[in-house]
Amino acid sequence: MRDGLLDWFRLIGGKTINAVWRIGSGTRFLFLILLYSGLSFRRFGLTMRKIFFSGVLSTIIIVVSGLFVGMVLALQGYETLQVYGSEEKLGVLVALSLLRELGPVVSGLLFASRAGSAITAEIGLMKATEQLSAMDIMAVNPIGRVVAPHFWGGVISMPILATIFSAMGIFGAYLVGVVLIGVDVGAFWSQMQAAVDFRYDIVNSLIKSLVFGIAITAIATYEGFDAAPTAEGVSGATARTVVTSSLAILALDLVLTGFMLRGWN
Amino acid sequence: MPTIRLSEDHLVDIAELHFGYGARPILKGINLRIPRGKVVAIMGGSGSGKTTLLKLIAGQLKPGRGSVKVDGDIVHELNHDGLYRLRRKMGMLFQFGALFTDISVFDNVAFPLREQTDLPEPIIRDLVLMKLHAVGLRGAHTLMPNELSGGMARRVALARAIALDPSLIMYDEPFTGLDPISLGVIGNLIRRLNDALGATSVVVTHDIQESVKIIDYIYLTAKGEIVAQGSPQELLASSDPLVHQFFHGEPDGPSPFHYPGNNYADDLGLKAIHA
Chain A
9 MRDGLLDWFR LIGGKTINAV WRIGSGTRFL FLILLYSGLS FRRFGLTMRK
59 IFFSGVLSTI IIVVSGLFVG MVLALQGYET LQVYGSEEKL GVLVALSLLR
109 ELGPVVSGLL FASRAGSAIT AEIGLMKATE QLSAMDIMAV NPIGRVVAPH
159 FWGGVISMPI LATIFSAMGI FGAYLVGVVL IGVDVGAFWS QMQAAVDFRY
209 DIVNSLIKSL VFGIAITAIA TYEGFDAAPT AEGVSGATAR TVVTSSLAIL
259 ALDLVLTGFM LRGWN
Chain B
2 MPTIRLSEDH LVDIAELHFG YGARPILKGI NLRIPRGKVV AIMGGSGSGK
52 TTLLKLIAGQ LKPGRGSVKV DGDIVHELNH DGLYRLRRKM GMLFQFGALF
102 TDISVFDNVA FPLREQTDLP EPIIRDLVLM KLHAVGLRGA HTLMPNELSG
152 GMARRVALAR AIALDPSLIM YDEPFTGLDP ISLGVIGNLI RRLNDALGAT
202 SVVVTHDIQE SVKIIDYIYL TAKGEIVAQG SPQELLASSD PLVHQFFHGE
252 PDGPSPFHYP GNNYADDLGL KAIHA
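Chains A and B are the protein sequences, given in the same order.
To convert, take the position in the first sequence, counting from 1, and add 8; that gives the numbering used here.
To convert, take the position in the second sequence, counting from 1, and add 1; that gives the numbering used here.
The following block holds chain A by itself, in its conformation from the complex:
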């Protein structure tokens, strides 16, 4: 009984120490990325290639998902709004839902699954096949040459993808709400235009997606760089990227929404 309890405390203690150590190590890694980011901007072609890798290659899933989410929102929203005779508010409902929450959060979750996992796998495999070591021996800093361009590529891509997601969602809602169901097209667009505030809705949406982009790419690059150089190590790191990034997005969303609703002061 006593031994079992001690083992349990030892396990909890070990996991806590490991978690604290990883948070510290990850923070230090983020500082190193920022420290060695000069090359990512001096040779912007390196970052452009990573924008293609993370952003452009994620566009299809973002476009299709945005379209379907918008269509479903329109269907569900219309069902509820017509009970109160407020069908013309459909555009407002869809636009605010997408801009304030679903756009940044769902595109963040998709970005973590599609691009975050790919970033971790690429960096992890480069480590496992000694490509990062080879670079280091050639006096080329792998954090500056490989990790930082990935980081900035992801950070730049994420707000653009979230914007595309929201735009496609609104378009999907228009197709279902206006074209299919027959909501008045003038009411759909004009009420949306009147209700959406540039600073409160659009800028806050961009801020959220930017913060999610930083979190996802920081986690993805750290997990790849820290992965054990084995097949299991890389697969475990890839899975951790998706899980940790997704949880980070949801937690950050709660914090950011709280600040945005109550104001930053």
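If you're looking for bench data, these hints aren't it; they were derived computationally from the structure.
Every residue gets a Cβ at the ideal spot worked out from N, C-alpha and C, and that includes glycine.
Treat each hint with caution, since some may be false.
[Claimed, not checked] What follows is a set of in silico ranges between Cβ atoms, one per label pair, in the way DEER data are often shown: (1) A:Ile-215 to B:Arg-25: 47 to 53 Å; (2) B:Asp-267 to A:Thr-24: 51 to 57 Å; (3) A:Gly-271 to B:Pro-121: 32 to 38 Å; (4) B:Thr-143 to A:Gly-241: 17 to 23 Å.
[Said to hold, decoys possible] Facing chain B, from chain A, some residues (calculated, C-beta under 7 Å): (5) Asp-15; (6) Ser-45; (7) Ala-142; (8) Ile-145; (9) Val-148.
For this one, chain A is given, so just place chain B on it according to the hints.
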């Protein structure tokens, strides 16, 4: 035991080097000198700390005690910039090449030139083709790494390692997994490139057949220590039981076949049955 003469000019000087991973000691007081212009092999069984030694020379690991001096600089005392300045004088061939898989053979060899120099692209092109010609793969410059055989990948990696004409070239198990022809080609290239570039080479290997043809001097490691050193001929003729076992590939001898463990009968539970 024959040793390298003290009067010689040494590019690498390792003194009382200790290193361990956590509580597990890997190197225990290594003393080793590598003269300029020579091809020196570090030999020993698997897990004897050979690759760790290369990483310590390159400054990728920091010693627990002792020092590694390369070209007059104590490696672990150098700051980031100093270390990278020193590494520009080094080239390393990794065990499986470590080529960048997303770029072509040409771009792999051009990589250090583009990163470390401001040479115009036409000159980089000529230099890359010259390096690839030296390893016999000029005609393969458009191929991607996944289109190369193991031997070809190793040769491309060698061309990349010598792209900046380093004064120290390190080879980590260059003969592993190669067919006899590729083995001869790589061995011959190591010797020829060392002499042509006026470089110094450190070859970590346990391939005796191939190394004795090209090596000037051998350090034999076991259990984290240098247990023998000398020319290939001297070590082949050595009567020391460990050296004899290693160089003649004998399964029985001072180096045990079994990894240390519990009593065999205990592990099989035979003791309990007898009791």
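Hint-by-hint comparison with the structure:
no.	hint	verdict
1	A:Ile-215 to B:Arg-25: 47 to 53 Å	48 Å, holds
2	B:Asp-267 to A:Thr-24: 51 to 57 Å	37 Å, violated
3	A:Gly-271 to B:Pro-121: 32 to 38 Å	56 Å, violated
4	B:Thr-143 to A:Gly-241: 17 to 23 Å	33 Å, violated
5	Asp-15	22 Å, violated
6	Ser-45	16 Å, violated
7	Ala-142	4 Å, holds
8	Ile-145	5 Å, holds
9	Val-148	5 Å, holds
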